[in-house]
Amino acid sequence: MMQFTDWDILRNLLLAARWTILLSLFAFIGGGLVGLILTFLRSAKYASLNVFFKVYVEIFQGVPLLMQLFLTFFGLSLLGIDVDAWTAAILSLTLFSSAYLHEIWRSCIEALPKGQWEACRTLGLTYAQTMRHVIIPQAIKMAIAPTVGFSVQIVKGTALASIIGFVELTKAGTMLNNATFEPFKVFGLVALLYFIICFPLSVLARYLENKNHATR
Amino acid sequence: MDYQVNFSGLVPYFSTFLSGIGMTIQITVISTILGLLVGTYCAAGRISQQRWLSSICAVYIEMTRNTPFIVQLFFIFFGLPALGLKLSAWEAGIIALVFNLGAYSAEIIRAGILAAPKGQWEAGRTLGLTYRQIFIHIILPPAYQRVYPALVSQCIIVMLGSSVVSQISLEELTFAANFVQSRTFLSFESYIVTAVIYLFLAILMRQAFTLLSKVMFKAPAL
Amino acid sequence: MPLVSIDKVHKYYGENHVLKGVDLKVEAGEVISIIGRSGSGKSTLLRCINGLESFQEGAIYVGNQAVEDDELKLRLLSRSVGMVFQSFNLFPHKTAAENVMLAPQLVLKKDAEECKALAKKLLEKVGLGDKLDAYPANLSGGQQQRVAIARSLAMSPKVLLCDEITSALDPELVGEVLHVLEQLKEEGMTLILVTHEMNFARDVGDRVVFMHQGKVWETGASDEVFANPQTPELQSFLSVVR
Ligand SMILES: Nc1ncnc2c1ncn2[C@@H]1O[C@H](COP(=O)(O)OP(=O)(O)OP(=O)(O)O)[C@@H](O)[C@H]1O
Ligand SMILES: [Mg+2]
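Chains as they are written, first to last, in numbering that gives the first Met the number 0: chain A, 0 to 215; chain B, 0 to 221; chain C, 0 to 241.
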């Protein structure tokens with residue numbers, strides 16, 4: 000049996016952490032794009048669509064992420080689309096993030112005084128102009144802190160991709176544990192690496208939030 | 000694509016699902032109660048004047064909030080026994096969930112406490128109450144009320160997160176789903192049904208908390 | 000032909016019958032003050048004129064343009080009807096000048112230089128020539144409201160609707176805003192004001208409209224109405240507010 004030095008363990012974990020970061024980035028960007036489209040459509044006055052958005056958010060926030068991963072993984076192959084763990088993970092994390100980001104951004108938009116919309120209507124601005132020049136510049140300021148905060152949830156969410164066999168940080172940890180029988184050390188290091196990724200994001204989110212409060 | 004969706008194949012496993020649901024509810028209730036308790040103590044510790052206490056709480060909160068639940072779970076279930084602390088799946092699952100909710104709810108409750116007007120503390124002191132009395136009787140109840148919606152959401156997240164404890168073979172709902180799909184090969188059907196059950200549980204939980212709030216908070220929110 | 004003509008307008012909020020057949024004609028260049036108790040429907044009427052609220056029966060015309068519940072038509076209407084709000088509703092992320100420039104640039108498609116000159120001219124007119132680059136948060140309430148007036152004027156509306164535009168101001172700042180309105184009257188602007196400033200309504204307004212329970216209860220030339228109110232409702236209203 001192969002012997003693992005501490006350095007071997009750490010090196011393998013670091014290599015796997017790249018996939019955690021990459022998966023997080025994909026999910027964040029994908030989820031951001033979908034969330035943006037949802038937000039733009041939702042605040043437009045398609046009242047009939049709003050039910051759809053509500054159900055969408057309710058589903059992705061009311062079903063465990065693990066279940067969402069299973070469903071994407073097994074559901075798509077049922078449709079005859081053969082998905083690997085990588086695709087399934089990206090897809091379901093994208094949908095998951097889109098629901099949360101949409102909810103965050105929508106609430107920022109709704110937090111703006113109604114008078115801003117009315118002033119724009121009175122001046123004859125179109126919906127798109129109102130969004131672009133008046134609503135979004137103000138909503139972004141409020142949204143940025145919780146958005147950064149949510150990115151921490153995404154990074155942590157990618158850990159569940161290990162369960163469908165995607166080899167990222169957590170899965171690498173499980174494999175190394177099986178090889179070394181040193182769970183305390185291995186999972187301790189795994190946790191530490193996640194902490195190194197997430198903690199700066201958390202600090203940044205808090206800093207932005209405080210800054211926001213100070214200027215208001 | 001000629002796959003026929005076959006939900007009837009799940010019927011023989013009705014009781015498997017049912018006992019899974021039972022376990023999910025059980026661990027959710029226990030870890031919600033204990034987690035909120037830990038969260039409250041931790042929030043109190045966090046605002047304490049004692050630097051060391053506040054620091055310990057901060058470290059615990061940050062550690063928990065910045066690492067994935069599944070890694071915490073593995074660390075507790077696989078890692079701690081290496082130190083001689085042997086835990087059953089149930090114990091490890093509960094500890095991990097409590098640990099998790101404790102950290103998140105601590106931050107939420109702390110925000111509620113900090114939102115208390117300074118006059119509340121001053122009024123308490125003027126009446127001759129001790130710090131502890133002011134905290135428990137004057138500050139805490141409205142603080143809970145203020146952040147109640149956020150707390151409820153967090154408790155629901157814990158319920159959903161409990162699906163992960165299936166990975167250490169605790170026989171809750173997700174474990175049941177995995178079991179059924181491995182027996183029947185009806186993976187999509189098992190997981191869809193399970194997802195719907197979770198959704199239903201989440202809605203039920205929200206309703207229960209709403210009902211509870213009517214009993215607990217009689218004064219209008221401030 | 001009147002500039003604004005309101006014909007038997009009925010408005011419901013669900014079950015709540017708020018406007019019960021309002022009739023009102025406003026000639027170009029007239030200054031109308033709408034007074035009345037809280038909840039009598041003054042704001043609602045104003046918001047119906049520029050389409051912020053839809054109504055269920057009757058008709059409103061501005062010039063020969065009908066006010067209809069149609070996105071495109073309302074946008075056209077917004078070029079003829081300006082509105083100033085009680086709460087200013089300035090865009091906090093834009094400077095005073097940018098607030099004024101935004102609509103001419105986006106809606107009228109004027110080029111930036113032209114809009115800048117326009118903003119400068121209008122802000123000077125409301126006495127804020129030195130505040131072009133100030134953000135709303137750094138302006139007093141009275142100054143903010145004057146920026147809001149300039150912002151409306153930038154679309155060169157035919158009629159300006161003002162809903163209690165001095166109510167959110169400290170008493171010492173009311174004068175500077177009313178002064179701008181007087182100036183506008185002299186230039187021949189048509190103004191429809193919902194106001195609690197009875198002295199202003201009497202001295203500057205041409206005509207007073209007293210609203211009561213969703214109807215135009217009494218109307219007439221300002222000095223007459225104040226000197227000699229006909230209905231007991233107006234009499235009691237005036238005795239309370241004076
Ligand atoms: N958005 C709304 N939804 C439902 N009811 C409304 C709404 N806006 C106003 N109302 C109702 O319509 C009636 C008239 O309101 P309106 O705001 O026009 O009164 P007002 O004369 O402007 O009073 P005030 O002097 O207080 O501003 C009131 O009974 C009010 O409750
Ligand atoms: Mg009003």
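Because the hints were derived from the structure by calculation, they are not lab data. Errors might be hidden in some of the hints.
[To be verified] Taking lysine-lysine and the BS3-like style, the derived pairs with C-alpha atoms no more than 27 Å apart in a straight line are:
id: 1; chain 1: C; residue 1: K184; chain 2: C; residue 2: K157
id: 2; chain 1: A; residue 1: K140; chain 2: C; residue 2: K130
id: 3; chain 1: B; residue 1: K117; chain 2: A; residue 2: K210
id: 4; chain 1: A; residue 1: K113; chain 2: C; residue 2: K130
id: 5; chain 1: C; residue 1: K130; chain 2: C; residue 2: K108
id: 6; chain 1: C; residue 1: K184; chain 2: A; residue 2: K210
Hints versus structure:
no. : hint             : in the structure
1   : C:K184 to C:K157 : holds, 12 Å
2   : A:K140 to C:K130 : holds, 24 Å
3   : B:K117 to A:K210 : holds, 22 Å
4   : A:K113 to C:K130 : holds, 26 Å
5   : C:K130 to C:K108 : holds, 24 Å
6   : C:K184 to A:K210 : violated, 45 Å
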